[in-house]
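Engineer: Using the sequences plus the hints, can you model the full thing?
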Amino acid sequence: MKSWLFLAIWLLFSAVLPVNAEVADDYEKELQLHIAPTLQAGCNNPKSDLARVLCNKRIRVGVRINYQLFSEFDGTNFKGFEVDLAKTIAKHLGVQAELIGVNPANRIEKLKQDDIDTIIATMAHTVARDASIFFVRPHYYSSPTTLVAAKEKNISGWHDLQGKTVCVPLGNFSNIVFSEHRVKLLIYDQPNRLIDALQFGACSVIAHDRSLLKAEVFGPNAPKDLSKRFEEKFSFDEVPWGIGVRLQAKDDLGQALSFIMAYLHQSGTLEKLAQQHGVEIKFLTDQHRLFKNTNCLIQHQLNPACLGEPIDISDKPTAIAPLVHRFERWLSEHTRIHLLFPMLVGENAARLFIIGVLVSLLLVAGSVVATMGLALLFFNSLRSKHLFVRLLGQIFIHFFQNSPIVLLLTLGYLVVSYLTSYSPPLAIMVSVIVIGLNNGANGGAAMSEFASASGSTAPALVIASKTRIQLRAAVINAAKSSPVAGFIGAPELLAVLTDITAFSGERITTFFILIVFYLILIQIVITLSGHLIQRMNKYDSNPS
Amino acid sequence: MFALLGGMLIGLPLTWLIIRGGLIGKASEYLISLMRAFPVFVMMFVVLNFFSDNLYNMHATLESLHKTTLILALCTYSAAVISDAAKDSWDHFCRSEHAETLLIIPNLFRIFTILVMSSSIGAAIGVKEAVSYTLIHTETMPDPLDRIMTVLAVTIFFMLFFSTFRFAMHWLVRRISPLNPSRPA
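Protein chains in written order, with numbering that gives the first Met the number 0: chain A, 0 to 543; chain B, 0 to 184.
In case anyone wonders, no lab produced these hints; they're calculated from the structure. Note that the structure is a prediction, hence the values are computed from the model and not measured. Among the hints, erroneous ones may be present.
[What the hints assert, rightly or not] Below 25 Å or equal to it, Euclidean Cα-Cα: the simulated DSS-like pairs (lysine-lysine) are:
1. 86/B <-> 163/A
2. 109/A <-> 249/A
3. 227/A <-> 281/A
4. 281/A <-> 271/A
5. 465/A <-> 25/B
6. 465/A <-> 537/A
[Said to hold, decoys possible] Distance ranges between label pairs, derived from CB positions:
7. 139/B <-> 78/A: 35 to 45 Å
8. 169/B <-> 522/A: 29 to 39 Å
9. 390/A <-> 170/B: 21 to 31 Å
10. 152/B <-> 460/A: 34 to 44 Å
11. 336/A <-> 93/B: 38 to 48 Å
12. 388/A <-> 152/B: 17 to 27 Å
Glycine included, each C-beta is placed from N, C-alpha and C at the ideal position.
Structural biologist: Okay, structure coming up:
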C-alpha cells in the first residue's frame with residue numbers, strides 16, 4: 000500500500016516538476032531571445048540602456064544605504080535583500096553590479112540624470128511615479144504601512160489616533176492618509192532615527208513599512224528590549240515595491256528585467272533571498288505560487304493577470320498645477336534652483352494649505368482679541384468690591400501667568416474632550432481661549448500694578464490706555480504663541496505644512512513659506528499695535 | 000540655562016553693534032527685530048527640519064539632537080530680549096542711573112524664568128522634560144478624569160514654582176532700588 004502511495008506521489012511530482020522547470024527555462028529563453036539582437040548589434044555605438052549595460056559589462060544599481068535588512072552600507076560593503084537581488088539580476092545579464100547609494104529624495108533624479116541604470120531602493124510603485132519612470136513588473140516586494148506603539152497603549156484604529164502625534168518617514172506617500180485622518184505628524188528623514196525616537200520616548204507612535212518595523216522592533220527576531228515593550232497596532236495600504244528604469248528603457252532594459260523577475264519568482268529565488276535576510280516573505284510566497292502554477296507567459300510577453308497593479312493615492316492635480324510645474328521647470332533651468340510647490344499642485348495639499356492659512360489668521364486675530372478682553376476681565380476682577388472675586392482673580396492670574404502654555408493647552412484639550420467630542424473647530428476655540436488667558440493674565444496684572452502704583456480709580460479702558468506698552472507686549476506674545484495651537488490638533492499653518500512635507504518630501508519651499516508667513520503676520524501685529532500706541536500717545540499729549 | 004547663555008553670546012555682541020551705530024548697527028537692529036518677531040515654536044520645527052542632518056552627525060543620540068534643537072530655537076528669543084535688556088541697561092548707564100543699570104540682573108532672571116516655562120514646547124518634538132513626561136504618563140491612564148487631575152496637579156506645581164521665581168525677582172528689584180540715591184528713603 001505504502002509503495003503504491005509513494006509511486007502515485009512520485010508520478011504526480013514528475014508530472015508537475017518538468018512543467019515548472021520548463022516554465023523557468025521559458026523565462027530564461029525569453030530573456031536570451033530578448034537580449035540577443037542587442038548583443039548582435041555590437042558595441043560600437045550602444046544606443047539603448049540595455050546595450051550600454053551589456054557592452055560596459057556593468058549595471059549601475061541605485062540602492063539604499065541605511066535601510067535595515069534591505070540595503071545597508073557599512074563603510075565598505077553593501078548588504079541586504081535588495082543588494083543580493085541586484086547582484087542576482089546582474090548575474091543573469093552576465094554583467095557586474097555596481098552599487099550606488101541613493102535615498103528617497105534623489106533616487107529618481109539620479110536615474111533620470113543617468114547616474115544609475117536602475118533603482119532597487121525600497122521604492123513604492125504608485126500611479127504618480129509612472130509618469131516619471133518605468134516600473135518593472137512583476138514587483139519584487141510588497142509591504143503595508145504599520146503603526147507601532149507601546150503595548151499598554153490602546154490603539155486599534157484611526158479613531159484612537161485623534162489628536163496624537165505619529166512619527167513618520169519623510170516623503171512617504173502614505174503620510175497623506177494620516178493627514179486625511181487629522182493625525183499630527185512629526186517627520187524623520189531616516190528610518191533608524193525613527194526607531195531611536197520610539198526607543199527614547201521622543202515618539203509614542205511610529206509608522207513605517209511593516210517589514211522594517213517587524214524586523215527591528217516587534218518581530219520575533221527584533222531586539223528583545225524593543226519587542227518586549229512595543230507591538231504592532233494596525234496596518235494599512237499594502238503597497239508594491241518595484242525596480243525602476245528610465246521611461247525610454249522600458250522596452251529594452253525594462254523588458255529584460257521583467258523576464259528575470261518572473262524567473263526569480265517562479266524559481267523561488269527571491270523567497271530564499273528574503274529568508275536569508277530575515278525579510279517577511281508572505282508576498283514572495285504568493286508570487287512564487289502564482290508564477291509556479293499559472294501560465295504567466297503568453298506569446299513572448301508576460302501575462303498582465305500575473306502582474307500587480309500600482310497603488311493610486313496621488314493627489315488630484317489642481318487647475319493651476321500645469322502652470323506651477325512649468326514655473327518649477329523654468330526656475331530649475333534658468334536659476335539652477337530646484338524648488339517644488341506641492342501645496343499648489345495637489346488638490347488635497349492645496350485645500351490643507353488654504354485651511355492652514357485661514358486658521359492661522361483666525362488664531363492670531365482670536366488670540367489678540369481674547370488677550371485684550373481677558374486682560375480687562377482680570378483687571379476688573381481685581382478691582383471688584385467682593386473679596387471672593389478679588390481672591391479668585393488673583394489665583395487665576397497667578398495660575399495662567401505662571402503655567403507653561405503647553406500644559407494649559409493640554410488641560411483645555413482634556414477638559415473639552417471629556418465634555419464633548421473633539422474636533423478641529425473646538426481645538427481652535429480652546430487654543431484662542433487658553434492663549435488669551437495666558438497672555439491676558441499678564442496684561443491684567445500689568446494694569447492692576449499700574450492702578451495700585453498710581454492710586455488711580457479710572458475706568459478699565461483708561462487704565463488700559465495708560466498701560467498700552469505692556470498690553471501691546473501681551474498682544475504680540477499672544478500672536479507669537481498661536482502656532483502652539485497645532486499641539487492640540489488645530490490645523491494651523493505649521494501643522495498643515497508639516498503634513499504636506501511629510502507626504503511630498505519637499506521641505507525647503509514649505510518651511511520657507513512658513514517662515515515668511517509668520518514673519519509678515521507678526522510684523523503686521525507689531526506695526527498695527529505700534530500705530531495704535533502712537534495715536535494714543537498723541538491723544539494723551541493733545542487731548543483736544 | 001544653555002538657551003540663556005546662547006542668547007547672551009548672540010545678543011550682547013549684536014547690542015554692541017547696535018550701540019555703535021552705522022550700517023552694521025542698523026543691520027543688527029533689523030536682525031534682532033526679526034528674532035523678536037519670529038515664533039519660537041515655529042523656529043524649533045525649522046531648526047529640526049533644516050539642520051537635523053548636521054546636528055545628528057554631531058550627536059550621539061537622537062535625544063541630545065532634540066534638546067539642541069530646542070536650545071537653538073530658544074536662543075533666537077533670548078538673544079532678542081537680552082539685547083533689549085542690555086540696550087536699556089546701557090542707556091541707564093550712560094545717564095549715570097546706576098540703580099536702573101543694575102536692573103539687568105532681575106531682567107536676566109525674568110528671561111531665565113520665561114525660557115524655563117517656554118522649554119515645555121519641546122514636548123512637541125519629543126524633548127524629555129517634566130511636561131513631556133507628564134503627557135506621556137497621562138496617555139497611559141484609561142480614565143479621562145485621572146488625566147485631567149494629573150495635568151492640573153502638574154500645572155499647579157509649575158505655577159507655584161514660577162510664582163516663587165517671580166516673587167524672588169520682585170524682591171531682588173526692591174533690594175536694588177534703595178541703591179538709587181534719588182529715591183526717597
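Engineer: Any of the earlier hints contradicted here, and which numbers?
Structural biologist: 1 and 5
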